[in-house]
Amino acid sequence: MKIAGIGDVWISGEDIKRGFAAFAERGETIETVEWQCGSYDALQAINLAVETGGSEAYEPPEAIKRAVEDADIIITQFCTVTRDMIDRCPHLKAIGVLRGGYDNVNVAYATQKGIAVYNTPGRNANSVADYTVGLMIAECRNIAKAHMNLKLGNWVRDYTNKETMPDLSGKTAGIVGFGAIGKKVAQRLKGFEMELLVYDPYFKPTAETKGIELVSLETLLQRSDFVTLHCRLTQETEKLFDAHMLSLMKPTAYFINTSRSGLVDEKALWQALKDHKIMGAALDVYDREPPGKDYPLVTLDNVTLSPHMAGGSRDAFTQSPGMLAREMLSFPKDKTSRFLVNPDVL
Numbered sequence: 001m002k003i004a005g006i007g008d009v010w011i012s013g014e015d016i017k018r019g020f021a022a023f024a025e026r027g028e029t030i031e032t033v034e035w036q037c038g039s040y041d042a043l044q045a046i047n048l049a050v051e052t053g054g055s056e057a058y059e060p061p062e063a064i065k066r067a068v069e070d071a072d073i074i075i076t077q078f079c080t081v082t083r084d085m086i087d088r089c090p091h092l093k094a095i096g097v098l099r100g101g102y103d104n105v106n107v108a109y110a111t112q113k114g115i116a117v118y119n120t121p122g123r124n125a126n127s128v129a130d131y132t133v134g135l136m137i138a139e140c141r142n143i144a145k146a147h148m149n150l151k152l153g154n155w156v157r158d159y160t161n162k163e164t165m166p167d168l169s170g171k172t173a174g175i176v177g178f179g180a181i182g183k184k185v186a187q188r189l190k191g192f193e194m195e196l197l198v199y200d201p202y203f204k205p206t207a208e209t210k211g212i213e214l215v216s217l218e219t220l221l222q223r224s225d226f227v228t229l230h231c232r233l234t235q236e237t238e239k240l241f242d243a244h245m246l247s248l249m250k251p252t253a254y255f256i257n258t259s260r261s262g263l264v265d266e267k268a269l270w271q272a273l274k275d276h277k278i279m280g281a282a283l284d285v286y287d288r289e290p291p292g293k294d295y296p297l298v299t300l301d302n303v304t305l306s307p308h309m310a311g312g313s314r315d316a317f318t319q320s321p322g323m324l325a326r327e328m329l330s331f332p333k334d335k336t337s338r339f340l341v342n343p344d345v346l
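Under this note's numbering, the first residue of the sequence shown carries the number 1, and numbering increases by one thereafter.
One thing to keep in mind: the hints can contain errors.
Calculated pairs, PhoX-like style, for lysine-lysine (alpha carbon to alpha carbon, straight line, at most 20 Å) [as the list claims (entries may be wrong)]:
id, residue 1, residue 2
1, K190, K171
2, K171, K183
3, K145, K274
4, K190, K210
5, K113, K171
6, K162, K145
7, K274, K113
8, K2, K93
9, K17, K65
10, K267, K277
11, K93, K335
12, K293, K274
13, K293, K113
Restraint-style ranges between C-beta atoms, simulated for each label pair [said to hold, decoys possible]:
id, residue 1, residue 2, range
14, G170, D103, 36 to 42 Å
15, A49, F192, 37 to 43 Å
16, R288, P61, 25 to 31 Å
17, V298, L329, 44 to 50 Å
Just so you know, these hints were derived from the structure itself, not from any lab.
This structure is a prediction, so every number in the text was calculated from the model and none was measured.
Cβ coordinates follow ideal geometry from the N, Cα and C atoms, glycine included.
Go ahead and model the full structure; you've got the sequences and the hints to work with.
So this is what it looks like as structure tokens:
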């Protein structure tokens, strides 16, 4: 059985080989090819096109297609696996994606062809959880704003929240979505002695919920001092946080989003922040990326903003091949896995 790994600017072919070493030890062939997509910015542009237009929005270079034609398994992170690529791989039995999202793979067509598709959910859970807590502190304690002012030669200590600037200890954090990332955020916030509320209609109480109160979304918004989003973007959750939902928040509360911008009505969030209906927001995702300096949210003084980088730690990238390999180790004898995204192939 041949495994073809497609490296990119974040996860190299050598990273894939190291992660799938157990396959090589049992006699499988592992070959890799580097996807020469250019700079990080070029990769980001391709990723955005794929996120909005699907896997067929970008056709991989001919050199990539030739390199994987005789593969039984294709491993990729960001490079697309399109209908044409699948058709050119007559022996293809599985596709592994080295991240939680798999919109770069034509899953529907792979399923039609009986090809199993695996992803790597939670590979960047630690990275995003760390970053989320960092954004919370940066916004409520004005760390980024103070840094910017000092760089400009200004000694500024008073900001929009000067009368209510909080400690985390004793405050209430509302976590929306209790998957891999939401759970990691909860673990970290417990260390800050915060009260934790969780809204996730699909989560069933377990031992993991000790010290956590499961509540309705409305209750979470009304009681939380910090609201942080960690749910999937679906038809059900699109624009979930609209003007009405935001109006339920405390005027001293902070809104944190390192998940997906589509969860939020950006115009309503901008209005709530502009009118000081909520105290502040820390955001890593936007409806338009990059947003540009005149983007409405960017013009506000009660926000901390970053360029969609919460999940981008080196550890998150290098650990993902090993995570995926462990879940696929029983393949092809056993296709079942918690990472299998198209169980219809079973």
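- Query: Is 36 to 42 Å a correct range for the gap between the Cβ atoms of G170 and D103?
  - Reply: holds (41 Å)
Is the Cα-Cα distance between K274 and K113 20 Å or less?
violated (51 Å)
- [ ] Could you tell me whether the CB distance from R288 to P61 stays inside 25 to 31 Å?
- [x] Cβ of R288 to Cβ of P61: about 28 Å, so the range 25 to 31 Å holds.
Practice prompt. For the pair we were handed, K17 and K65, check the Cα-Cα distance against 20 Å.
Written response: holds (19 Å)
Would you mind confirming whether the straight-line C-alpha gap from K93 to K335 stays at or under 20 Å? holds (10 Å)
* 20 Å Cα cutoff - pair K190, K171 -> holds (11 Å)
With the threshold set at 20 Å, check whether the alpha-carbon distance from K145 to K274 stays at or below it.
Distance of about 17 Å is within 20 Å: holds.
Holds or violated: are the alpha carbons of K2 and K93 at most 20 Å from each other? holds (10 Å)
Exercise. Is it true that A49 and F192 lie within 37 to 43 Å of each other by Cβ?
Worked result: holds (39 Å)
Checklist line | Proposed proximity, K210 with K190 (alpha carbon, max 20 Å) | finding: Measuring from Cα to Cα gives roughly 11 Å; hence the hint holds.
Next on the checklist: Given a hint of 44 to 50 Å, does the C-beta separation of V298 and L329 actually sit inside it?
Outcome noted: At roughly 46 Å between Cβ atoms, L329 and V298 fall inside 44 to 50 Å, so the hint holds.
Discussion item. Run the distance test for K293 versus K274: straight-line Cα separation, threshold 20 Å.
Written reply: Holds. K293 to K274 sits at ~16 Å (cutoff 20 Å).
Consistency with the previously given hints fails for numbers 5, 7 and 13, ordered from lowest to highest.
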